[in-house]
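Listed here are the chains, written in short residue letters.
There are 6 protein chains.
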Amino acid sequence: MILCTKTFGFSAAHRLHSEALSEEDNRVVFGKCNNPHGHGHNYTLEVTIRGEVDPRSGQLVNARLLETVVQQEVIERFDHKHLNEEVPEFRGVNPTGENIAKVIWDLLKPRLGECLVKVGVWETPKSLFEYAEEE
Amino acid sequence: MILCTKTFGFSAAHRLHSEALSEEDNRVVFGKCNNPHGHGHNYTLEVTIRGEVDPRSGQLVNARLLETVVQQEVIERFDHKHLNEEVPEFRGVNPTGENIAKVIWDLLKPRLGECLVKVGVWETPKSLFEYAEEE
Amino acid sequence: MILCTKTFGFSAAHRLHSEALSEEDNRVVFGKCNNPHGHGHNYTLEVTIRGEVDPRSGQLVNARLLETVVQQEVIERFDHKHLNEEVPEFRGVNPTGENIAKVIWDLLKPRLGECLVKVGVWETPKSLFEYAEEE
Amino acid sequence: MILCTKTFGFSAAHRLHSEALSEEDNRVVFGKCNNPHGHGHNYTLEVTIRGEVDPRSGQLVNARLLETVVQQEVIERFDHKHLNEEVPEFRGVNPTGENIAKVIWDLLKPRLGECLVKVGVWETPKSLFEYAEEE
Amino acid sequence: MILCTKTFGFSAAHRLHSEALSEEDNRVVFGKCNNPHGHGHNYTLEVTIRGEVDPRSGQLVNARLLETVVQQEVIERFDHKHLNEEVPEFRGVNPTGENIAKVIWDLLKPRLGECLVKVGVWETPKSLFEYAEEE
Amino acid sequence: MILCTKTFGFSAAHRLHSEALSEEDNRVVFGKCNNPHGHGHNYTLEVTIRGEVDPRSGQLVNARLLETVVQQEVIERFDHKHLNEEVPEFRGVNPTGENIAKVIWDLLKPRLGECLVKVGVWETPKSLFEYAEEE
Numbered sequence: 301m302i303l304c305t306k307t308f309g310f311s312a313a314h315r316l317h318s319e320a321l322s323e324e325d326n327r328v329v330f331g332k333c334n335n336p337h338g339h340g341h342n343y344t345l346e347v348t349i350r351g352e353v354d355p356r357s358g359q360l361v362n363a364r365l366l367e368t369v370v371q372q373e374v375i376e377r378f379d380h381k382h383l384n385e386e387v388p389e390f391r392g393v394n395p396t397g398e399n400i401a402k403v404i405w406d407l408l409k410p411r412l413g414e415c416l417v418k419v420g421v422w423e424t425p426k427s428l429f430e431y432a433e434e435e
Numbered sequence: 301m302i303l304c305t306k307t308f309g310f311s312a313a314h315r316l317h318s319e320a321l322s323e324e325d326n327r328v329v330f331g332k333c334n335n336p337h338g339h340g341h342n343y344t345l346e347v348t349i350r351g352e353v354d355p356r357s358g359q360l361v362n363a364r365l366l367e368t369v370v371q372q373e374v375i376e377r378f379d380h381k382h383l384n385e386e387v388p389e390f391r392g393v394n395p396t397g398e399n400i401a402k403v404i405w406d407l408l409k410p411r412l413g414e415c416l417v418k419v420g421v422w423e424t425p426k427s428l429f430e431y432a433e434e435e
Numbered sequence: 301m302i303l304c305t306k307t308f309g310f311s312a313a314h315r316l317h318s319e320a321l322s323e324e325d326n327r328v329v330f331g332k333c334n335n336p337h338g339h340g341h342n343y344t345l346e347v348t349i350r351g352e353v354d355p356r357s358g359q360l361v362n363a364r365l366l367e368t369v370v371q372q373e374v375i376e377r378f379d380h381k382h383l384n385e386e387v388p389e390f391r392g393v394n395p396t397g398e399n400i401a402k403v404i405w406d407l408l409k410p411r412l413g414e415c416l417v418k419v420g421v422w423e424t425p426k427s428l429f430e431y432a433e434e435e
Numbered sequence: 301m302i303l304c305t306k307t308f309g310f311s312a313a314h315r316l317h318s319e320a321l322s323e324e325d326n327r328v329v330f331g332k333c334n335n336p337h338g339h340g341h342n343y344t345l346e347v348t349i350r351g352e353v354d355p356r357s358g359q360l361v362n363a364r365l366l367e368t369v370v371q372q373e374v375i376e377r378f379d380h381k382h383l384n385e386e387v388p389e390f391r392g393v394n395p396t397g398e399n400i401a402k403v404i405w406d407l408l409k410p411r412l413g414e415c416l417v418k419v420g421v422w423e424t425p426k427s428l429f430e431y432a433e434e435e
Numbered sequence: 301m302i303l304c305t306k307t308f309g310f311s312a313a314h315r316l317h318s319e320a321l322s323e324e325d326n327r328v329v330f331g332k333c334n335n336p337h338g339h340g341h342n343y344t345l346e347v348t349i350r351g352e353v354d355p356r357s358g359q360l361v362n363a364r365l366l367e368t369v370v371q372q373e374v375i376e377r378f379d380h381k382h383l384n385e386e387v388p389e390f391r392g393v394n395p396t397g398e399n400i401a402k403v404i405w406d407l408l409k410p411r412l413g414e415c416l417v418k419v420g421v422w423e424t425p426k427s428l429f430e431y432a433e434e435e
Numbered sequence: 301m302i303l304c305t306k307t308f309g310f311s312a313a314h315r316l317h318s319e320a321l322s323e324e325d326n327r328v329v330f331g332k333c334n335n336p337h338g339h340g341h342n343y344t345l346e347v348t349i350r351g352e353v354d355p356r357s358g359q360l361v362n363a364r365l366l367e368t369v370v371q372q373e374v375i376e377r378f379d380h381k382h383l384n385e386e387v388p389e390f391r392g393v394n395p396t397g398e399n400i401a402k403v404i405w406d407l408l409k410p411r412l413g414e415c416l417v418k419v420g421v422w423e424t425p426k427s428l429f430e431y432a433e434e435e
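Residue numbers (the numbering used here), protein chains in the order written: chain Z, 301 to 435; chain H, 301 to 435; chain D, 301 to 435; chain Y, 301 to 435; chain U, 301 to 435; chain S, 301 to 435.
FYI, nobody ran anything at the bench for these hints, they're computed from the structure. Every value quoted in this text rests on a predicted model; they were computed, and no experiment measured them. Among these hints, one or two may not hold up.
No distinction is drawn between identical chains; accordingly, a pair holds when it is met within one copy or between any pair of copies.
Result set (BS3-like, lysine-lysine): computed pairs, CA atoms no more than 30 Å apart in a straight line [said to hold, decoys possible]: (1) Lys-409 to Lys-306; (2) Lys-418 to Lys-402; (3) Lys-409 to Lys-426; (4) Lys-306 to Lys-402; (5) Lys-418 to Lys-306.
Excised from the complex, chain Z in its bound form (with noise of 0.2 Å):
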């Protein structure tokens, strides 16, 4: 089994806050990250594939539509944005590290398809979300 991963860097505004939870619980749960006021952050994202060698070019089928991809699909809609105000996905959504993994997931599903194995995103250098769906 041969898995391609690739590398992405986004920088990004985002506020943690859920409209499920009232104001007093926001504060509780997101701490500083619930600043109103919003804060950011440079996203390292990873997208790993997988699929057959082409026998002739002796790469990836995919490999060269993974970066165009997750360059429209991605980097163009989240890259120097700020995901509550500016990103579609994510109203309603709070873009948190799990969310922000799951949002990528499915811009990237109809595109890559099964080829698609998982989408991580390292919020900063010590916090690392990764989605993939069970087989």
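Since the structure of chain Z is already known, use the hints to place chains H, D, Y, U and S on it.
For chains H, D, Y, U and S alone, kept in the frame of chain Z given last:
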């Protein structure tokens, strides 16, 4: 499936030495790592959990607990210590990377339960030891 | 001569926008960094001091003070904040990497005095801004 | 289950070019990587093994063997070489990241047997190729 | 004083070989780096400029120019090339780290003038070569 | 001016303790670093030299010597040792980052002479100590 990995650091001294081996065998098997005065490392610890995303918070149920538990159970016990001399978990247990990963798993398991997925220990930037239980 | 450099991290949102420029010029000069909702970064801060090594301790006189001062004057002020909206030092000061380095210098100088040598700010892993005063 | 991963580096030149494709198709498929004079990389190799922990030593049975075997079978063969011109394993095999991972697996498998779990090749800090055999 | 450093990457092949030395001396002096087919690296380039901060923008006057100039003068010329064979600046100039740093300085100086402070070239993560002109 | 910096690693144990201070003062000044059993680090060492580029080789005259000298004078002496107990240079010298940098300078100076520019010691990825002699 959502996984969350947090990384931590601790600095400790250790000596590779097994009571089950002769002095001579200890020297042959562990080489300079058997030096009687010990040496040390900046260990990097990666702990991975999985779980349900709480629909209200958008976070893994145990994500916050993870940092507290690792701090209490591992960092406070191991950081700035001599593992062989001061950490009771290594009494009679050679503090190899393999055993350090296993000891950390055993310290975290009672607190994190089913959501604990993997413990990874980088002894140096070139050596990683990972412990998980097969399902 | 002995120099000691400590590194720190903070996550913040900002927007590049100058009141001295027209809306149109702001867009041309700052491109996507001028996006009205802001975006964010994991900043890495490097602060360098010099000084006498205390012969009794073998440490720079101010080495311990350095961490406390940066924590109090910079990290508590900037971390998980929107620089333009919440940090008074950037009122009327565009939070570019250049100005962030200068503002941090001005915050640390009264506390660290002559021993302060250089302030470095990594906005991303590809962009470093350094501020020092020429002697 | 205990896994041990060691990392290694080698610097090599290569050219992406497939004899199964026309000159024109080679240029289209591989772009600047098809440049006839070749180019090069600092490859980072990650090899993962599993196994029994020897209760006397506290180490994986093959942990020491791993470094020797990778040194002999991979680093000595690939380091400071032009993969297409000088490494017989790439005769008729396009040295893509995918094929390099597969070739390294095939070189290590006879020496490491069942304990070999995964071979990972970073061609650049943004592109990882991993090879494993499904069980 | 404000300094701004931007980092860039390029992948290239090279061979260390001096026409001023005999074949035998080339082998002795450069060892495996003299291998006739060449080898390669992922070079990391750091370019440092200084200058006035424009009070309207809060940015170094040449900060934007820096990226364009390095892209045009260095990356397009060197990336995915064989330095000895395809880059005219290395005709008769051995592409050691020392000479690569000097050649890059000479390519950037006419475009960046007085504001150019230093060129740093990492050949591997363990070897840095820096070129600057003494004042 | 050409500078060449090479990086090296060594793993060692140490204890911060000064004979010029009382037991109580040692505990206050050095905190957990004063723990009697010691602790340890993966130190990263950066040594910078300058010099003439040999026009025949295109390399700094002492570039090759640098690696040999650091290996012999520092790595063999310090790696996998307890600095306080086994390295005579620290007899009566507290092995702080500041003193380690100074001791390494003193070990390298007789071998590298005028071309030695700077010694940098990373005790952890967050603490750098640099020693140079002012001209």
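Exercise for review: Just pull the numbers of the violated hints for me, sorted ascending.
Suggested key: Violated: none.
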